[in-house]
Structures are given as C-alpha cells and as structure tokens.
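Protein chains: 4
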Amino acid sequence: MIIVLKPEATPEIAQELLARIEEKGLKPLHMPGAERVVLGALGDERVLSELRLEGHPYVESVKPILAPYKLVSRELHPHDTVVRLGKVAVGGRGFTVVGGPCAVETEEQMRETAGAVKKAGGHALRAGAYKPRTSPYAFQGHGEEGLKILRRIGDETGLPVVTEVMESGDVDVICEHADALQIGARNMQNFALLKAVGRASKPVLLKRGIAAKLDELLLAAEYIMASGNEQVMLCERGIRTFETATRNTLDLNAIPWIKQRTHLPVLVDPSHGTGIRDLVVPMALAAAACGADGILVEVHRDPSAAWSDGAQSLYPQQFEQMMGQLKPIVAAVGRQLA
Amino acid sequence: MIIVLKPEATPEIAQELLARIEEKGLKPLHMPGAERVVLGALGDERVLSELRLEGHPYVESVKPILAPYKLVSRELHPHDTVVRLGKVAVGGRGFTVVGGPCAVETEEQMRETAGAVKKAGGHALRAGAYKPRTSPYAFQGHGEEGLKILRRIGDETGLPVVTEVMESGDVDVICEHADALQIGARNMQNFALLKAVGRASKPVLLKRGIAAKLDELLLAAEYIMASGNEQVMLCERGIRTFETATRNTLDLNAIPWIKQRTHLPVLVDPSHGTGIRDLVVPMALAAAACGADGILVEVHRDPSAAWSDGAQSLYPQQFEQMMGQLKPIVAAVGRQLA
Amino acid sequence: MIIVLKPEATPEIAQELLARIEEKGLKPLHMPGAERVVLGALGDERVLSELRLEGHPYVESVKPILAPYKLVSRELHPHDTVVRLGKVAVGGRGFTVVGGPCAVETEEQMRETAGAVKKAGGHALRAGAYKPRTSPYAFQGHGEEGLKILRRIGDETGLPVVTEVMESGDVDVICEHADALQIGARNMQNFALLKAVGRASKPVLLKRGIAAKLDELLLAAEYIMASGNEQVMLCERGIRTFETATRNTLDLNAIPWIKQRTHLPVLVDPSHGTGIRDLVVPMALAAAACGADGILVEVHRDPSAAWSDGAQSLYPQQFEQMMGQLKPIVAAVGRQLA
Amino acid sequence: MIIVLKPEATPEIAQELLARIEEKGLKPLHMPGAERVVLGALGDERVLSELRLEGHPYVESVKPILAPYKLVSRELHPHDTVVRLGKVAVGGRGFTVVGGPCAVETEEQMRETAGAVKKAGGHALRAGAYKPRTSPYAFQGHGEEGLKILRRIGDETGLPVVTEVMESGDVDVICEHADALQIGARNMQNFALLKAVGRASKPVLLKRGIAAKLDELLLAAEYIMASGNEQVMLCERGIRTFETATRNTLDLNAIPWIKQRTHLPVLVDPSHGTGIRDLVVPMALAAAACGADGILVEVHRDPSAAWSDGAQSLYPQQFEQMMGQLKPIVAAVGRQLA
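Residue numbers (this note's numbering), protein chains in the order written: chain A, 1 to 338; chain B, 1 to 338; chain C, 1 to 338; chain D, 1 to 338.
Please note: incorrect hints may appear among the correct ones.
Note that identical chains are pooled: a pair holds if it fits in a single copy or bridges any two copies.
As the list claims (entries may be wrong) - In the SDA-like style, the derived pairs of lysine to any residue whose C-alpha atoms are separated by at most 25 angstroms in a straight line are:
{"hint": "1", "residue 1": "24", "residue 2": "10"}
{"hint": "2", "residue 1": "63", "residue 2": "78"}
{"hint": "3", "residue 1": "27", "residue 2": "261"}
{"hint": "4", "residue 1": "213", "residue 2": "134"}
{"hint": "5", "residue 1": "27", "residue 2": "47"}
{"hint": "6", "residue 1": "213", "residue 2": "308"}
No wet-lab data here; the hints were simulated from the structure.
Kindly generate the complete structure, drawing on both the sequences and the hints.
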C-alpha cells in the first residue's frame, strides 16, 4: 500500500503513521520526496485493509500496489536503481560487461583470463568456486580455495568479482571474498537461500530459473529485498523450451518487459542462454539493443581446455571484438560502455 | 551430394553426368562457378550411393551434404540469396522493413495505414485477406475482395505487398494480386501447401511454426525449393513456451543459428513474437542487432479499433520512431536501411 | 445462444423462431427434447445480442454458451456422442482399439498386420496412404494405390479403416475408400482442410497439434461441426515439451478435462505420444483408466523392417497381450471391450 | 564400473580390491551375491580407467556403468528397492496411498483430515510445516510447531508422516518428528540440500522439478545415494509446458520410463500434477495402471477453507471413493492396496 502524505504533514506525523503500520505487524517504508513524503506498508492484504488511513487528516491518498511484488515494483520506486558492484555502477546510463570463465580452475587460468577481460575493457570478473553440477561425479569447484584465488586476481586487475553461492552456510565466507553474490538458475526459488542473501552486505545477482515465469523472478527478488538487501541485479540466462538447437532459449523479450515493471537493473547471459560460442556475440549485441543494463559472458584463455562450459566460452580475441561491436549499439540506445 | 568437376571438364561432360544423375531418379543441379563446375544430386541416399562418381576421370571430389536439408543449405550454396519482393531486394546488405495491419479491413484503413508505412520509410506492405482464426466464428478475412484492395493500395504507394495463403486452391489468385505469398505459422508443415507455393511464380515468406524446431523450419523451406521455387524468405515469429507474460516467446537465437546454416534471408516478426505493443520496438532493434535481414511489423492507423491484433499493433508515430531508432543499429552491424 | 421454449410452444412457433435466427445471418439449431424444445443460435456475438428473444411469449429462457466452442460443448449437447466408424460404435460404454502400421507399405504387410489386429480382438484398422513427412526426401506414401490396398484388407478382415487426409483435394477419394478421415497433428489448424472434411460424408478423427492448447483442439473440432459434420472423434497424441526422453509427452490429463467439456469421444495414441515401444502398453492401460473412449496403436508384422515409426510399433504378440491386459482395466472403469 | 569376481575369489581378495579402489579416491561398493561377488567403483572416469582391473587373476569381467547415474541404476542393482516409510513398505508388490492437506494449518484440521485418510484406507500422511511459497507475503508454514502437530496426529492415527524440508539446517529437526523427508520440486537441484538429506537417517521423497528432464531427476537421486542414503522414493508431480488448462502437465510417461532404469520406487502426485480437483481421481487411476508404486494426494476436511491448494484438494468422501476405484485397477496390474 502506498500512502501519500499532504504537503503540510510534519515528520512527527510520518513517524506516528509508520509506528501504526508497524504495530499491525506490517513492514513500514519511509520514502521522503522533494515535494511530498510517501509511506509504504507491506504485508498481509487483510491486515492492510484494517489500517483505514484514507480518512486520516494528513493523508492525501492511499493506493494499493497492484503487482504481487512490491519493493521490486516501479509503482513504489519509479526511478532506476543503480547497484554498486565494487566501484562499478550497474544500472543507469552505463552498460556493464562482466566476463570470466565458468569455474576457477587454477590461479594461472584466472590470471590470464582476467587479464584478457581487463585489457578488452570489461568491467567485472565472474567465475565459480562453488559449482552446481547435474552429476555428483562432476567437478564441484574448489570452494574457499577458489574464492581466495578469485579475490587475489580481482585485486590484481582492479576488477570487482561476482561468484555463485549455493548454500546459506556459505554466504559469509563468500561475502568476505567477493563483491557480489550470484544466485544460480537452479536456486532461484530456494527461498531459504534468498532470505540468507537478503541479510547479506553484498549485492546479489539473481538469475532466472530455467522454467521461471517473469512474475516468479520478480517475486524471488522480492524475497531478497523483503529481507533487507536492496542491491539486487536480475539476469536473464535462457529458459528451457522444446527447441534443442540451442542449449537454452535466451528470452530477450524479458528485458523490456522487466524494465517496465521494476527499477532493478537487468543483465543478460548469452553464454548460458544459447550454449553455442558462435551465437554469444550476436545475442550480446541484441541484449544491448533491447535495453539490458549489461551482459555476463563466459570467456576462457583456452576454451578447448576448459573444465566446464568450453563450448559456450569465447576466446579472448572474440571477447575483445565483441567489446568493439557493442560500442555503437550501446550508443544507439543512449547509453555508454563505461 | 556435391560433385566438383576438374577444371578440364567440358560442358558436354557436365551434361552427361547430369543425365546420369537424372536417369537414376535423382534431382540434378548445375552450378557453374568461376573456376570450376559443381554439380549436385539430391534424393534417396541409397540411390545416391549407387552413383559411384568418385572414380570418374573428370570428377575431382564427391562429398555428401551432411544437413538433412540440401537446397536450403550453405553447404550447397555458400552465398546469401537475395529475394526480389517486387522491386525491393531482401537479403544481402539491406535491412527490409515490412509494415501493415493484421487484416485488410476497409480500403480507407489500408490507405491510411499504408500511407503511414510509406511516409516513415517502410519498404513493403503486409495485410491478410485470408485470415487463419482459432474460432470459426471470428472474422475470416475479405478474401479476393481484400486482395484487390491490397493490390490497389500497393500500386498507389509503390509498396510491394505480402499476404497469406491458406490453401493450395488460392495460390493462383493470390499470385495474381500480391508480390509475395506468406505461409503462416499454423501451415508451416502443411506439406501440400508447401508444394503448391513451390510451384508458384512469386516469392514465399515462410513463418516458423509455434512449436517448430529450427531443423524443421529449414526442411519446410526445402519442400518449397525442391518443388522449384528458389525465392524463399524465412521468418521467426515466436514460439510457444511456458511463459505467459508474452503471447509467444520471440526466439532471436534462431537468427544467427539459421544464418550460419542457410543462404536464405531471415526476417523477424516482433509483433506476433511478443504480442505486446510496448515490446515490439525493443525487439525490432534486437533483431537488427543480431543479424536479421529485416522485420515484419504490425501497424494500424488506429490500433484501438483494429479488428484483430490491436494489442500488438504500433501506432503510426511509433512506427516512424522505430524507423529512426533502427538506423544506427542497422549501421552498427554493417547494413543499411534502403 | 441456447433458447429454451415453453412447453406450450408449437412446432410452428419453433420454425418461426428458427427462421428469424437464420435471417439475421446466424446458424439455427433445432434440438427437440422429451419435455421441451430447445433452439440454438450460433454466430457473431453482436448479432446474437440483437435477437432479443428474452421477451418472446413462448420463450422460457435464453442463455449464452459460455465456452468459445459451441456445437462441441456439453452445454449445448449434454449426452455423449457415439460416432459410427463403419459398424463400430466409438464412444458410449465401449472401448475401441484401432491398430495398424504407420504406413501402407505393401499388400502383404497390410494383410499380415491386419490379420494380427483382427485375431487379437482389435476393432478397426489404421494405416497411412498419404504421409506427412518432415523431409521432402522421405517416403511420402503410396497415395490412391495405398487407399485401394487398405480398402481391400479392410474388407477381407471386416475391420473398418481410418486413414489420414492431408489436402482438401483428396477428401473425395479418401471418402470413397476409407471409413473415417484422420486429420493429423500438423494439420489441426489447417482451417481450409477442417472445413473440407466438415462437408464430407465420413467421420473425422481429429488429432491434437503438438503445441495445441485444449481449447484450440475443441475449436478445431468446432470448425468441422460448424461445416456440417457431427461425427467427430478427438485424439490426444502427445505434445511437444522440453522433455526429450520421450518423442512427445502424452498428455493424459487432457482426457478427463476434455470429457467434462465436450460430448465427443476421445481416443489416445500412445505410440506417437511416447515414441518408445516399451511405453506404449503402460500408457494404453493408463488411457483406459482415466476415461478414454479408445486407443490408436501402431503395430507392424515386423517393426524392425517398418518403413517408418518402427521404434514405436508393437510386435503382433505385444498387441495381443495388451488386449488381454486392457480387459480388467476397462471393466474397472465400467466399460467393455467390444 | 562393475567388477564381477570369479567364483574362487576369497573375501580377502575382495577386500584387497576394495581397498585399491578406495585409495584411488573412488567410492568402493561391495555387493555379495548368491553365486558371485560383485564390486563397484564410482567416481571420475579418468581415474576409473587407471584402475586396470581387467587383467587381475580373480576378476572375471569389468564393465562400465553406461548410465550417468550409477547407484540409482538397475545396471548396478537390478531388483526393486523397498523403502521403509515407518511401518509401510513402499515399492515391491504393494501400492501406497499417501494423503493429507497441503499445509498443517491447525491441530483440528490435521486430526479430522488424517482421520478421513485413515478411515478410507490410506497408508500414510502428508502435510507441510515449512512451505515454499512464490510470494514472501504468503503463509510460510508453522515450522517446528507444525512438525509437532504432525507427529502427534501421526501417532494418534498410526500413519507414518512425510513432510517437506527446505533447508539443510532443518534436516535434523524434521528427522526428529517425521518418518520421511520430502524434497520439493523447486529444490530438486538444490545440491547442498540433496547432500544434507543424503546424510540423514530417514527416507527421502524426491519430487521432480517442473523443468527437470528424467535424467536430471535420476542424477538428483544419485546425489542423495552417493551421500549415503539408500532410501529414496521418486515422485512425478507434473512439468511445466505451454498448456495452461491444467496447472502442470502430469507426465505419466515418466513412470514406465523410470521404472525400466532404476530400482527405486516411484510415486505420482496427481494433485499438483493437474491442479484441478476433478482430474485428480482419473489421473490417480491412470498412475496405478501404468505402474506407479503409489500416489501422493491432497485431501482436506474442507477444501473451500484450505489456506493453500484448495482447488486441487479432494473432499474426504472423494478420497474414500478413490480408494474403492483404485482397488480393481491395482489388482489388474498385479499389485495390491496394502
């Protein structure tokens, strides 16, 4: 529920109303604007209807938030959120390119790959230390050892690092080493994990599940925000359809749809989205053209030797060419590569 | 099967080999190049293996066509095909914009809408006279009357016209009035119709079925080419997935995938692909960015009064803005709006 | 629109009302019952609302048909329709088993296979003379020659025969030789063909498209009925989903859903529905358990030598065992194998 | 890898080989049979190939396990596993019916509903104390309080209880109160949770994810077994497809497919599989007919007042009728309701 106060409402009145919202067991929100103070109340709809603030002398108007997601919605927060990924701003006018290998394999592999990302103009580094693998017999990641390598390489290159968290118990150690926590597609509705990263101090990159409807993605983001973390980036990474020519079906329609409904930045992962190296660059360009705030791209110093996802990883020179091709597209839609 | 002749092979030898291919019941192809003559033989694989041309003194090499589609494949025909849609060239360096309403409603509606398409710089006109409708009680189109209106408006504006054919029996009358025949998504595997348009004198715009794998789309095009019509344009228009936020899921991954495998031009229909007006322009830009040869966009002089597809039709001024936004994107990928 | 007349309404009054419906351009329906006469009016909703029959002195009540399909709906026709497939009744208390090979290959193959179907207690024979094939280079069926073989074998065994029609132009010749016309999945929304079989004198077996929603299947049946043919059988044959373990995903949920909404009989095709021989019998039993009116099963005298669909065709002895296993299941749901 | 020893191999030799497998970092398995001892070795394929046991004098044969899942596969374990759910045997000749409400709401609601399940002949009780909900503002379950109610009602009725676990940290408390742990569809690839329940002392009911391929379901079960828990039941509960007539598409094809490949019991949940009360019983019967080992059905003392899933919950009398209808179907496939 959005409560717009009259111009003459004093801070004390706002505080009194927030207290009233809170004692009903609802979540109070305070959004002071240039001209008016706006309050929010979130929670059970039946309780909301008992608040009866319409008649209050300092309340100008009360309106329901129609979307099932609230904190995530543009109804409550019309301006674009800019997420701070280390020193990089994600969202707003910039277009952010995050590159890196699927997994942290060795320190040398990370150093060479990160060097290529940096040299080509990439803004941040991605790599997994904890890997969700379909088979229990596949490489599961180096864990904390991998985190330390990632941190070291991030510091060397000056690139902020994003890495996946698979379990509530690992949130703290990952926050210690990384600049952002990634929730993978398989965990998009792991609600315990969403709540855990919602209490964390680092931004969260939330990937869409392979069978998640867009409303469900936004509600998953709502779990994180409702737990207190407002630094959330969404990521489209392909859905599962009948089509087997590509590993997944990258759903770019999601980008303008989501941007209309939420203030959160939205990235696109054309590597997982297609699963085919030759399609990564065209889809990266398409993502920029339809309004994405950035991309997440797999690149490896030697894709043919990658321990995982080699078939969808760019060669360093392809990554560099992509950066050049992105520039005019990004400019054409009124943005800039940082 | 592709048969490369030695440089010294005379035209007579080529003719003799073509005759040998034909008498086996196979389809012979003659592809003279600058340096060498290449022959093709299509048909049943068992018969192909009986040809035994490897040992022929004027044959340099024989190789199978690996793809299940042959005439459609780049293996047989590496250069891009340019299709002649009236005086407009589709494919090659240009980027073609086809606009128009879902259906021919009235002469006035067509005249105003076509005028807007022309004024904004659109290259061709689309509208249906025969409408495939899910319910037998919905408007089924004006039929031949609609074709005549379409032709008149096409002549007035100088825009070539594309319109849907739903039945073999209507191919002739549509060829008489239109510049290209559209096969709709529901008829992509109506093989009798594919063969019929394969014998027609006008180019064919073949739309992907809502549940068609990309291989199946190319094999449907193969039906048309195998029946003799080489002027085929493919069109991605959205597939049916679990996602209901959009009417269909426009699958742009298809564009670079298809362009690698076939020499035929590929258009994108973001109107049916998304079903939502606000998504049409972003997805049109994305289509241009990932390598499409053009787009097919629904526009109506007054979408709120459209008899069908109003919710996905652009207003004339949106169409005009889109043309402006397309220009730098098209240029960024090395093409041009005619 | 359903118009219930008062008990005192005479036949003349009914005729007068039907004429009034017809002159508005609507389709009139006359459904005399034991106690009351019920009339129907189908067509454009705006015209329906202009009829204004509510105030007529002999009209008891007027109610809209809520479903988008009308003739197909139980709202208009609450009792189960029984379709006459030659001398076999499909629908009602019986459970019908239609068996046969994918395609008519040779007279011997048909004779042996049909003999096995007959001997095991099968009720009807299926086989294709016109084959819809994804590739133009695959076997396309023997055409009229195949129809003649099919008719001969049907007559020899006393089994009625069902075969696919792919084109309006073939409806007559197929009606001449077969007892029912099958519309394949790819043609479920080939509206020209639906209208053509709607004018035919033989029953129609309408298969669900691989991406057809159930409402769309019922609307496709409505096309046939609205063209005059009331003898329609529906058939669930698997939909296309992300799952690749099976060729299609046989959607048995469709059976009770459809049976609630329509009076038409519904068959299940577990051969195409699964694409795997070992799954055919379990799914045939499941179809019987959840209320199907019969099954359509591929069987071949020698599946390993079948020209098409060998992997999903039963061996004759498996077909025979299936008939034995079906008996108690069919009895458990209050039906009987004829 | 499966290693069959010669008849003359002594227990000491088997131990020596198991030690050799273990010191390579592989998981050793000891499977003594009536005639021969069979050993297994699981883990990284490259390491497996270094074992070189083919030449060992007491080894009769060595063969790879072809399926990506090993412990789960019938290749390694041909006989059906029977899981002990309290005193109820799941798998084997019996057919198990688990009933209960979506969530533990109140003690009275649980007592009445469980009483109805017991009276009708149900074998076990299901209800959620921890509820995965799409929105953070929806009822999230009573947690440990709910577990205690569930345990109390289970003890009163003598029905073993199954309940969902959503987080590794809750495994212990749930094991204390419940007879089996359910992994919900959203967590099927929450690998941290799979490993956690793999170390638990209670059986696990693993539900298929809404977009999980069958191979992925079996690999998820492999995670649990590889962590040490051999008491795993699988559950088909509907997949997400384009069809919106039903909440999900219950994929019964999965049952015979899975039963061929694994020795684990497989249940079916027609409540979530269809989402529509009227379809639950027909699909329960179909599940029994195609070889499922049991069903999981939502029933509520008053579905219209249920806090969640009311539309798909049976009324107690429907549940009772279903038990009667199941009996002859279960008997027809050679099984029995306990």
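Cross-check of the supplied hints:
1. 24 to 10: within (22 angstroms within a copy, 67 angstroms between copies)
2. 63 to 78: within (15 angstroms within a copy, 46 angstroms between copies)
3. 27 to 261: within (21 angstroms within a copy, 45 angstroms between copies)
4. 213 to 134: Both: 22 angstroms inside a copy, 11 angstroms across copies.
5. 27 to 47: Result: close within a single copy only, 11 angstroms intra versus 53 angstroms inter.
6. 213 to 308: Between copies only: 20 angstroms across chains, 27 angstroms inside a chain, cut-off 25 angstroms.
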